[in-house]
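**Q** Read off the chains here:
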Amino acid sequence: MRRRTKKQKQAIIENISADHDVALSSDLDENIDIIKEMLGHSSDLITRKFVIGAREPIQSAIFYINGLINEASVQHDLLHELVVESREAEQTYKANCFDTIKKHLVSIGNVNELHTIAELFHVLLSGDSIIILDGQRVALAIGTRGGEGRGVETVTSQEVVRGPKEAFTERISTNIALIRRRIKDPNLWMKSYCIGEKTQTDVTIGYLNGVVNDKLVEELDRRLKRIKIDAILESGYIEELIQDKTYTPFPTVYNTERPDAIAGGLLEGKIAIFVDGTPFVLLIPCLFEHFLQSSEDYYQRTDIATLLRLLRMLAFLLALLTPSLYIALTNFHQEMIPTTLLISLAAQREGIPFPAFIEALLMELTFELLREAGIRLPSAVGSAISIVGALVLGQAAVEAGIVSAMMVIVVSLTAISSFVFPAYNLAITVRILRFGFMMLAASLGLYGIFTGIIILVLHMTSLRSFGIPYLSPLAPFNLTGQKDIFIRAPLWKEMTRPHLISQKNIVRSDSKPPKPPKED
Amino acid sequence: MKKLLIILLSLIIFTGCWSATELSDMAIATAIGVDLVDDQIIITLQVLNPAEVAGNEEKTSRTAITNYTIQGDTLFEAIRKLTATSPRKIFVSHIRTVIFGEALAIEGIVDTLDFLMRDHELRADFMIAVAREATAEEVLSIMTPLEKISAERVYTSIKASEEFWAPSKEVKLNELANAIITEGKDAVITGLAIVGDEEKGKTIENVESTVPYASLFVENMSVFSGDQLVGWLNEEESKGFNFITNNIDNTIESISWKGSDDISLEITKHQSKISTRLDGELIVEISSKMVVNIADVETDVSFESQDTLHEIEQRFAKTIEALMLASIETAKDFHVDIFGFGEQLRRDHPREWEANYKEDWLDHFEDCKVRFDTEVDIRHGGMITDPIYPEVDKANGLEE
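Going down the list, the protein sequences come from chains A and B. First residue of the first sequence: 1, per the numbering used here; consecutive thereafter. First residue of the second sequence: 521, per the numbering used here; consecutive thereafter.
No lab work stands behind these hints, which were simulated from the structure alone. Each hint should be verified, as a subset may be incorrect.
[Claimed, not checked] Here are the simulated distance ranges between beta carbons: (1) H333/A x D634/B: 20 to 28 angstroms; (2) E641/B x P513/A: 51 to 59 angstroms; (3) E335/A x E872/B: 39 to 47 angstroms; (4) F486/A x E641/B: 48 to 56 angstroms; (5) S386/A x R899/B: 47 to 55 angstroms; (6) Q591/B x H333/A: 28 to 36 angstroms; (7) R899/B x H333/A: 44 to 52 angstroms; (8) E683/B x L311/A: 55 to 63 angstroms.
[Said to hold, decoys possible] Straight line, CA to CA, 20 angstroms or less: simulated EDC-like cross-link-like pairs of lysine to aspartate or glutamate: (9) K504/A x E218/A; (10) K668/B x D33/A; (11) K49/A x D29/A; (12) K609/B x E335/A; (13) K609/B x E218/A; (14) K692/B x E335/A; (15) K49/A x D27/A.
[To be verified] Covered by chain B, per the in silico footprint, the following chain A stretches (three or more residues, Cβ under 8 angstroms): (16) 50-56; (17) 235-245; (18) 302-316; (19) 325-338.
Glycine included, each C-beta is placed from N, C-alpha and C at the ideal position.
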């Protein structure tokens, strides 16, 4: 076999891409050269040449990326076997060498054959070790993925009092395992994609076959395959590329780092999207109600859960409307305020230099700044923000007579309410809308606020998440769905899965209400 | 996107342009007083100084209220004229009381009522009162202890006394207007009087001493014929009026047992109903039921026997009936039907009302017979059963 010239090699390297693949050469050195060349002689590519067998030695080489592999397994289960053990064995490896190697030498479970350079790079850069043999046009990929990563830790963004505390991690295999551990059903199916031309990110969708709507899986499959992008660094990329509508303040894809929330969603007939490299797993379809529910609702007693849900809905309205209602009432509808309260408000506003709207805008803006600063600050200086925020801005501003005490109360109430939602992205939605409502209130009073609410509801009813109306089961109305919206009915009453999401296998529970035993 | 931008921009630009008023740009009025002096309407407007009423700043020695007085042809004109005197726009939605001077009430109040009912800024939940032997301005000028705003003081004390003291009644705008307009019914309005030194009562000294120099007193009821004041009921008659019109929540009434007024009973529940009967002649039936507690006994009586209790109930019923009768007699003297007997007759017998009574109802009212049917039920005797008086007398050696 004639060796390719340097020029030819260069041509091969330039032409290789996902679309245009090149088969491996049978020449060991040429393959090594191509691989090294394509990685730009990167220092973390480890190449090791060695000889297999003593009787009929085969020149071979192993490649792996330092840091991506499980060091121990490469050393003990691979190199030791290949280099040391193969020499003592009686067999020859020349004929049918890959089968023999697979059967006798490699004590690692996951072994695949590779035929092209692009394939080779994909698995190499995912952390597998590659073995190539002289005279063979096939390479072996050995599953040695490993390396450093974060372990399973407690949730940070959606904490609960009662319920599991473990959260997803950055590693997709761990995340899928966390779900498998919760749903031990062969019908829990996983389907993998590789998205991102440069990042080659693993994206896996998971669903409960037989419960999920097949059309939904097809639609998601279509949308995922449509993605043409160089990089997927976080599940937010996927979310933005598959959501139904971009220009809306409302999120139509749910994300969580709680495995129990994802498991709950799967059991309702939804689809989970795991993305490698982020602890945030997506769930579709996603309706508005999900953002006002916490997985804890199902772990607490039904009455507590119902109360908390109603509280969250109140918080949603408060966070959205408190400043605008304050502006509307004090600027336009003073006759609606009880006399004694009006007197007290008027007393506080004596000498305040700004109109109520500007005052509210200033304080809300300050709060948003504080909040953003609080997130970005290193935790060591984080407490400084609260001191500045509470003392300097709150108290001093009131004492200096620049803002009224009532406005500070209004802004604080708004702030507290916006932290009540279990979902952070709805809190952001409310933050955006709040300013719009404040403007409406300042220019048109209560009339403006109600116009705004009507427009908002119209917009929300027009939204769809993978074909499911965003406000269902409220609009379109579905009676059985009401068991899990404002109230959380006892589990033995929630007999069916959500109406629009799952039409197959809808019976969830056949339990009878618990009763004490009959006495004779 | 473009549309959205235009909407957003216009929202920002138009902010505050459309009939918005900042709280600090308005003067909150709490009371209107209307007087008639030399055929000119004099308006007294009580305006708040909010910082003195609420807020956490140091209070100054300024008063919490300021009264503006102005002369005008109509109420509305006078209020607008006030803007020249007052530094801020007068805001009348939070009016708590409207007080008519006695002189104006005698002339007729209907001109002012129209404005009060028509103006969109006004809420209709204010209290209406008539100043007795005083002008509204004088009443509003009295500095009141406890409540810094005298209008609020008037409002709350009328409310409280209506609930716990029989002769009082709160009269609000709609009720008053109805009573004036309705055939077969005339209006009453609560009275307000100044007791004590009126001049000193206007100064801050009034609230600096434990016994105020002058204070406001919720008076008995004034009686109107149409929109004109024709006279006043006394305390007994006011009580009788409230008993007839089912306006008693809780009050005290005494009967004479051995001496005079020596057993007091607290009425805790009261229900009365007026009905009319045409039996050749017009008979008005007033049936009332009440539940009472024994509140105070200043004589030697044992409540152990049912007969005694029955006797007390009987006598109490008679006392109440006497009050009601006195009230009706006075109304007949004034030639006004403040109880709404005529209205009741119209409802019970509309045809006869149209045919025979409508035209000269007040003459028929004077001739009508009234029958009472009063039920009294003693529920509780209080924490002790027999009175302690006999024991005290024994201890004092006054045993008979």
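**Q** Of all the hints numbered above, which does this structure not satisfy? Sort the numbers upward.
**A** 4, 5, 8, 10, 13, 16, 17, 18
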